[in-house]
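**Student:** Residues per chain are reported as follows:
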Amino acid sequence: MSAAFDEMKGHNGSVRSAYTELARWLAEVPPDVLDYRRREAELIFRRIGITFAVYGEAEAQERLIPFDVIPRIMSAPEWRLLEKGLTQRVSALNAFIKDIYGAREILRAGVVPDDLVFRNPAFRPEMSGQDVPHSIYVHVAGIDIVRVDAETFYVLEDNARTPSGVSYMLENREIMMRLFPELFSRHRIAPVENYPDELLATLKSVAPSSSRDPNVVLLTPGVYNSAYYEHSFLADKLGVELVEGRDLFVKDEIVYMRTTQGPHRVDVIYRRIDDDFLDPLTFRPDSALGVPGMMSAYKAGNVTLANAVGTGIADDKAVYSFMPAIVKFYLGEEPLLRNVPTWRCREEEHLAYVLDHLHELVVKEVHGSGGYGMLIGPAASKVAIEQFRAKLKTSPKNFIAQPTLALSTCPTCIEQGVAPRHVDLRPFVLTGRDRVRIVPGGLTRVALKEGSLVVNSSQGGGTKDTWVLDG
Amino acid sequence: MLSRTADNLYWLSRYIERAEYLARILDATQRLSALPLTYVGTSNEWESAVATAGCATAFFKIYDEANEANVTDFLAFSTANSSSIRSCFELARGNARAVRTALTMEMWDAINGTWLELKRYGNGPTSREEFSRFLRWVQESSLRFDGSAYRTMLRNDAYWFSRLGVYIERADNTARILDVKYHLLLPENERVGGPLDYFQWAAILRSVSALTAYHWVYRESLQPWLVADLLILRDEMPRSLASCYEAIVRNLDSIASAYGRQGPAQRQARSIRTRLQNSRMDGIFQRGLHEFIGEFIGENNRLGALITEQFLT
Numbered sequence: 105m106s107a108a109f110d111e112m113k114g115h116n117g118s119v120r121s122a123y124t125e126l127a128r129w130l131a132e133v134p135p136d137v138l139d140y141r142r143r144e145a146e147l148i149f150r151r152i153g154i155t156f157a158v159y160g161e162a163e164a165q166e167r168l169i170p171f172d173v174i175p176r177i178m179s180a181p182e183w184r185l186l187e188k189g190l191t192q193r194v195s196a197l198n199a200f201i202k203d204i205y206g207a208r209e210i211l212r213a214g215v216v217p218d219d220l221v222f223r224n225p226a227f228r229p230e231m232s233g234q235d236v237p238h239s240i241y242v243h244v245a246g247i248d249i250v251r252v253d254a255e256t257f258y259v260l261e262d263n264a265r266t267p268s269g270v271s272y273m274l275e276n277r278e279i280m281m282r283l284f285p286e287l288f289s290r291h292r293i294a295p296v297e298n299y300p301d302e303l304l305a306t307l308k309s310v311a312p313s314s315s316r317d318p319n320v321v322l323l324t325p326g327v328y329n330s331a332y333y334e335h336s337f338l339a340d341k342l343g344v345e346l347v348e349g350r351d352l353f354v355k356d357e358i359v360y361m362r363t364t365q366g367p368h369r370v371d372v373i374y375r376r377i378d379d380d381f382l383d384p385l386t387f388r389p390d391s392a393l394g395v396p397g398m399m400s401a402y403k404a405g406n407v408t409l410a411n412a413v414g415t416g417i418a419d420d421k422a423v424y425s426f427m428p429a430i431v432k433f434y435l436g437e438e439p440l441l442r443n444v445p446t447w448r449c450r451e452e453e454h455l456a457y458v459l460d461h462l463h464e465l466v467v468k469e470v471h472g473s474g475g476y477g478m479l480i481g482p483a484a485s486k487v488a489i490e491q492f493r494a495k496l497k498t499s500p501k502n503f504i505a506q507p508t509l510a511l512s513t514c515p516t517c518i519e520q521g522v523a524p525r526h527v528d529l530r531p532f533v534l535t536g537r538d539r540v541r542i543v544p545g546g547l548t549r550v551a552l553k554e555g556s557l558v559v560n561s562s563q564g565g566g567t568k569d570t571w572v573l574d575g
Numbered sequence: 028m029l030s031r032t033a034d035n036l037y038w039l040s041r042y043i044e045r046a047e048y049l050a051r052i053l054d055a056t057q058r059l060s061a062l063p064l065t066y067v068g069t070s071n072e073w074e075s076a077v078a079t080a081g082c083a084t085a086f087f088k089i090y091d092e093a094n095e096a097n098v099t100d101f102l103a104f105s106t107a108n109s110s111s112i113r114s115c116f117e118l119a120r121g122n123a124r125a126v127r128t129a130l131t132m133e134m135w136d137a138i139n140g141t142w143l144e145l146k147r148y149g150n151g152p153t154s155r156e157e158f159s160r161f162l163r164w165v166q167e168s169s170l171r172f173d174g175s176a177y178r179t180m181l182r183n184d185a186y187w188f189s190r191l192g193v194y195i196e197r198a199d200n201t202a203r204i205l206d207v208k209y210h211l212l213l214p215e216n217e218r219v220g221g222p223l224d225y226f227q228w229a230a231i232l233r234s235v236s237a238l239t240a241y242h243w244v245y246r247e248s249l250q251p252w253l254v255a256d257l258l259i260l261r262d263e264m265p266r267s268l269a270s271c272y273e274a275i276v277r278n279l280d281s282i283a284s285a286y287g288r289q290g291p292a293q294r295q296a297r298s299i300r301t302r303l304q305n306s307r308m309d310g311i312f313q314r315g316l317h318e319f320i321g322e323f324i325g326e327n328n329r330l331g332a333l334i335t336e337q338f339l340t
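Each protein sequence line maps, in turn, to chains A and B.
In terms of our numbering, the first sequence opens at residue 105 and continues consecutively.
In terms of our numbering, the second sequence opens at residue 28 and continues consecutively.
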């Protein structure tokens with residue numbers, strides 16, 4: 105693996121223009137001040153209660169995601185490039201899902217193999233032939249982006265179900281503004297605080313056409329969910345009710361919430377629970393989180409679910425590998441954002457290559473997420489590689505493999521001062537009836553361990569504020 | 028608003044109010060038990076504290092004897108007791124977390140800060156001094172939460188339900204003290220105790236933070252029937268049953284006028300208040316103080332059930 109591109113110092117060590125002020129500031133600021141600010145930030149996070157739960161860890165029921173006080177900076181031209189690419193990518197995702205549950209032209213054209221769709225656990229036969237309001241499926245997308253040099257951005261993953269993390273984008277900015285007013289005054293940074301307004305506008309725009317002043321709610325699995333803080337945070341910023349399944353009921357194909365004044369009709373549900381748990385009558389019968397009859401109301405067009413049911417078909421890692429072709433098929437354009445070269449282990453030639461190059465590849469489960477169940481070849485022991493090889497041979501269809509990318513690095517606070525650490529970026533793309541909205545920035549995740557490429561919060565990753573310079 | 032949100036707010040306030048009340052009982056008991064026996068007689072104050080907290084049955088399932096160590100642990104720190112101070116704060120914080128969006132930042136800060144601080148006390152105090160500090164801290168935490176609710180909440184149904192929780196719990200607490208200690212409060216000619224009871228009366232007043240108030244209202248030394256009068260009928264005493272019901276009726280009326288509809292809860296509250304308004308202490312003593320208090324506790328509970336039925340489910 106070649107040396108990583110550093111976003112502050114490039115490949116050759118000279119400070120890139122977006123980072124001029126930050127580099128100067130880092131040189132001035134005494135290390136103990138940074139450390140003091142870091143602890144201050146942690147205190148604030150804990151007081152506000154921005155925590156997340158890690159499944160399977162009873163002890164640490166509420167943990168903080170480590171926050172790094174050094175911001176990551178992108179120039180306006182870099183952002184414009186990303187913005188265009190993201191809009192294109194999400195338009196293609198929407199078109200693909202609409203097609204899959206509708207005419208299925210892409211399958212007939214042989215661009216994507218049938219069984220990848222029909223044998224996919226995320227495929228929802230209930231949605232076939234089903235219209236959704238304004239033909240929008242992915243209202244909120246989180247597209248994970250990595251960077252390898254000054255010009256090259258890759259999409260690492262599309263998240264089209266219930267992407268999370270946007271509360272960190274917002275809170276990180278708030279905290280940075282509190283801790284470093286001086287640093288802010290030296291830059292012109294595009295704001296992100298209007299995200300909740302944009303989200304609400306998006307959600308209202310897709311209400312069933314009958315509702316004049318749509319009642320939007322946010323549906324959470326409840327306080328034990330790892331992203332509960334985010335759910336309550338967003339509901340608060342949106343000014344909508346945060347509901348659990350038990351707060352809702354369906355009568356005559358209309359969804360109501362139970363209020364102190366009796367039943368109140370619900371028009372748009374920004375749901376942060378998975379398809380499987382939405383409606384025990386249609387999906388998992390043992391789900392206590394959902395609302396019996398919700399799907400009947402949805403199919404009757406009396407309520408909008410955001411995101412739509414069945415969007416998982418588009419963010420599968422095997423489908424991911426077809427994204428460049430999918431973009432071309434629906435939009436007739438070349439993809440602006442590149443895909444990481446991907447070997448599909450379901451194909452014999454690809455599998456053979458992967459088995460031969462396990463020590464240099466990253467192998468991921470097709471349906472996995474959160475950085476679980478993956479092999480990072482260069483960092484894995486011989487034993488781990490052999491164990492993985494066996495798994496791969498038993499069920500090749502479940503895996504894809506990608507080269508180990510030299511993810512870009514950003515200056516990051518560590519015990520002994522400041523050092524480069526690998527980062528990725530999750531911008532949030534909103535699609536409403538009227539238009540696509542993207543606030544400039546996103547969630548930057550950083551792998552705090554030296555050399556580590558795993559940025560997931562469940563595995564020791566941290567976050568940074570992401571600054572997009574204005575003009 | 029969502030019924031579940033209202034329910035959470037209502038119980039959140041009840042738990043905080045209960046925690047404060049427990050702290051006051053423990054504080055008063057600690058003082059009382061520190062007095063020489065010649066001043067307070069031989070009654071077991073710790074047993075009486077458990078009874079006043081309304082959890083004697085649960086307590087004696089675990090312990091054989093009510094002494095300082097057992098009672099302190101059970102009422103303040105025990106996780107086995109769902110009404111201990113610790114449990115109250117934990118439940119309150121759990122409720123708060125479930126309705127974050129209905130709380131102001133200041134309220135969340137108060138309850139979350141309390142919960143974080145609670146961990147510092149671990150499994151109990153290492154000394155009486157530390158325990159005293161703990162009790163003061165509990166009362167301050169409750170005041171902080173109450174104050175932040177009062178000063179920062181919008182005056183809408185969320186606020187009214189949260190206030191209802193405070194007053195229903197408070198009325199229940201005051202009534203329970205009276206229920207356990209009624210025999211000390213009977214008029215002179217019916218009393219069995221004698222001057223020894225002076226410190227008991229002071230302890231009762233202290234557990235509802237009314238010792239100073241007593242002197243301002245009556246301007247005379249402690250008289251048991253006046254203590255009863257203060258805690259039951261005096262409107263100006265914020266923990267009296269009359270004052271609690273004045274507030275309950277007012278908050279229920281606010282809800283009724285916002286929702287455009289009166290219901291069984293409103294009617295029940297008004298009927299209890301009317302009864303308190305029409306009562307005088309000599310009449311209550313004639314009919315039996317104990318019976319009066321027992322009935323009140325029952326009616327207050329019934330109102331709680333009606334509120335739940337009408338709004339919270």
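There may be inaccurate statements among the hints.
Here are the simulated SDA-like pairs of lysine to any residue, each with C-alpha atoms no more than 20 Å apart in a straight line [stated by the list, open to error]:
{"no.": "1", "chain 1": "A", "residue 1": "K341", "chain 2": "B", "residue 2": "T179"}
{"no.": "2", "chain 1": "B", "residue 1": "K146", "chain 2": "A", "residue 2": "R167"}
{"no.": "3", "chain 1": "B", "residue 1": "K146", "chain 2": "A", "residue 2": "K341"}
To spell it out: a stretch of chain B is covered by chain A in this simulated footprint if at least three of its residues, at any positions, have a beta carbon under 8 Å from a beta carbon of chain A; those stretches are [to be verified]:
{"no.": "4", "stretch": "29-39"}
{"no.": "5", "stretch": "84-97"}
{"no.": "6", "stretch": "296-309"}
In short, the hints are calculated from the structure, not lab data.
Here the structure is a predicted model, which is why all the values come from computation and not from measurement.
For glycine and all other residues, C-beta sits at the position ideal for the given N, C-alpha and C.
**Student:** Each hint: holds or not?
**Tutor:** Here's how the hints hold up against the structure:
About 17 Å separates the Cα atoms of K341 (chain A) and T179 (chain B), which keeps this hinted pair within 20 Å; it holds. Distance hint between K146 (chain B) and R167 (chain A) is fulfilled; the C-alpha atoms sit about 15 Å from each other, no more than 20 Å. Annotation: proposed proximity of K146 (chain B) to K341 (chain A) is violated, straight-line Cα distance about 30 Å (limit 20 Å). Three residues within the 8 Å Cβ limit are the bar, and the stretch 29-39 of chain B against chain A gives 5, so the coverage statement holds.
Closer than 8 Å: that is the beta-carbon criterion, and the stretch 84-97 of chain B has 0 residues meeting it against chain A, so the requirement of 3 is violated. With a cut-off of 8 Å between beta carbons, the stretch 296-309 of chain B has 0 residues touching chain A; three or more are needed, and the interface restraint is violated.
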